[in-house]
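Chains as they are written, first to last, in my numbering: chain A, 1064 to 1247; chain B, 10 to 208.
Hints may be right or wrong, so weigh each one.
[Stated by the list, open to error] To give a feel for the contact side, a few chain B residues facing chain A, derived at Cβ under 7 Å:
1. 13
2. 17
3. 20
4. 32
5. 77
6. 111
7. 134
Hints are computed from structural coordinates only; laboratory data are not their basis.
For every residue, glycine included, the Cβ atom is placed at its ideal position computed from N, Cα and C.
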Amino acid sequence: MAETSEARPSASAPGGDAGGEEDKHDERMLECNICLDTARDAVVSMCGHLFCWPCLHQWLETRPSRQVCPVCKAAISRDKVIPLYGRGNTKQEDPRNKVPPRPAGQRTEPENNSGFPGFGFGEGFHMSFGIGAFPFGVFTSTFNFGDPRPSAAPRGTAQYEEEQFLSKIFLWVAILFVLWLIFA
Amino acid sequence: MANIASKRIKREFKEIMKSEEVAGGAIRLQLVNDNWTELKGEIAGPSDTPYEGGTFVLEIKVPETYPFNPPKIRFVTKIWHPNVSSVTGAICLDILKDQWAAALTLRTVLLSLQALLSAAEPNDPQDAVVAKQFRENPHLFNLTARHWTNVYAGGPNAIWEFNQKVQRLLDMGIDEHQARVALSTYDWELERATEQLFS
Ligand SMILES: [Zn+2]
Ligand SMILES: [Zn+2]
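When you get a sec, could you build the whole thing from the sequences and use the hints?
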């Protein structure tokens, strides 16, 4: 089968505007893989490919028996695409399109959030890691333990000491949890 | 024509014109009509194949449902290849049928067709006669494909012996292409070809 990688214009013309080239390149990264236009109502597949939702929807409708990514032919389904919400782009899509609205984003509440008051560490403990199965770092989970939160109890009291102790325990639990995630 | 189809073809056309394959002469693309529904493609025969030195013209019809359905493509230039009909130019290539994907472009399709000339797939033939010769008599297949490339695609390698045999049938009043098909089909055995033509 032929090599199907996209050829990109390599160097800008002599005396050309290098910045302009770069901008174009950046724009291409946000192009829908079906209409080749800037993706509108953008969704991204689990394999990391970007589409307009109306375009991808039509592709899935055209071949109901063969639901594959139009780029890499990985399995794909309407339930497993993730909408991308840019800034200031919260409008619903054009009602003229007879396309069902994009599948909603699935928002999972972070665990261990509200149950632990006084979860602030003095120094701030901040780490993030990506889940290796997803390319392009699109789906990077951030576990943030560093939000400095006001302690409920004033410094020096027994309750304050207790909280300090508890937060140390939580720190170790968090570290063990992360180690478990990495090595399990 | 549906808006998305013509918009996409226009965009593809612009990009293909800037591509290194066009610059290198490997592929070409031309508009046939103003509403972007028909184009003319050209691919250069890959080197180290019987198609080397030939230029193969393709008819490209863009359906209204493009890119959700593949473009309809056939060889206009006559070609001797297991996956192309020697009669109609119809192509058997999976990405032009059930393996089509909406992110494929005319550029990638033209390059795939060029790759098909380098690596035939005789197990999925379009032309059973050619495929049989390809499997059973590869040497003769090569010569025949080279001959067709010379005659129809401007390839540089004339096969003198084959030209002579075609001429013999021409002298009998047989149409040139018909004569060539018969001879190619019957492994260039003049008698069998003649027999078939007059039967
Ligand atoms: Zn699109
Ligand atoms: Zn994909």
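Taking the hints in turn, this is what the structure says about them:
1. With 7 Å as the threshold, the beta carbon of residue 13/B comes within range of chain A, its nearest partner Cβ sitting at about 6 Å, so the hint holds.
2. Below 7 Å, beta-carbon pairs count as interface contacts, and residue 17/B has one with chain A at about 6 Å; its hint therefore holds.
3. The interface hint given for residue 20/B holds, since its Cβ lies 5 Å from the closest Cβ of chain A, which is under the 7 Å cut-off.
4. At a threshold of 7 Å, the smallest CB-CB gap from residue 32/B to chain A is about 10 Å, leaving the interface hint violated.
5. Because the smallest distance between the Cβ of residue 77/B and any Cβ of chain A comes to about 4 Å, under 7 Å, the interface hint for this residue holds.
6. Taking 7 Å as the C-beta contact cut-off toward chain A, the hint placing residue 111/B at the interface holds, the least distance being around 4 Å.
7. Against a cut-off of 7 Å between C-beta atoms, the interface hint on residue 134/B is violated, since the closest Cβ of chain A lies about 17 Å away.
In terms of the numbered hints stated before, the structure departs from hints 4 and 7, listed from lowest to highest.
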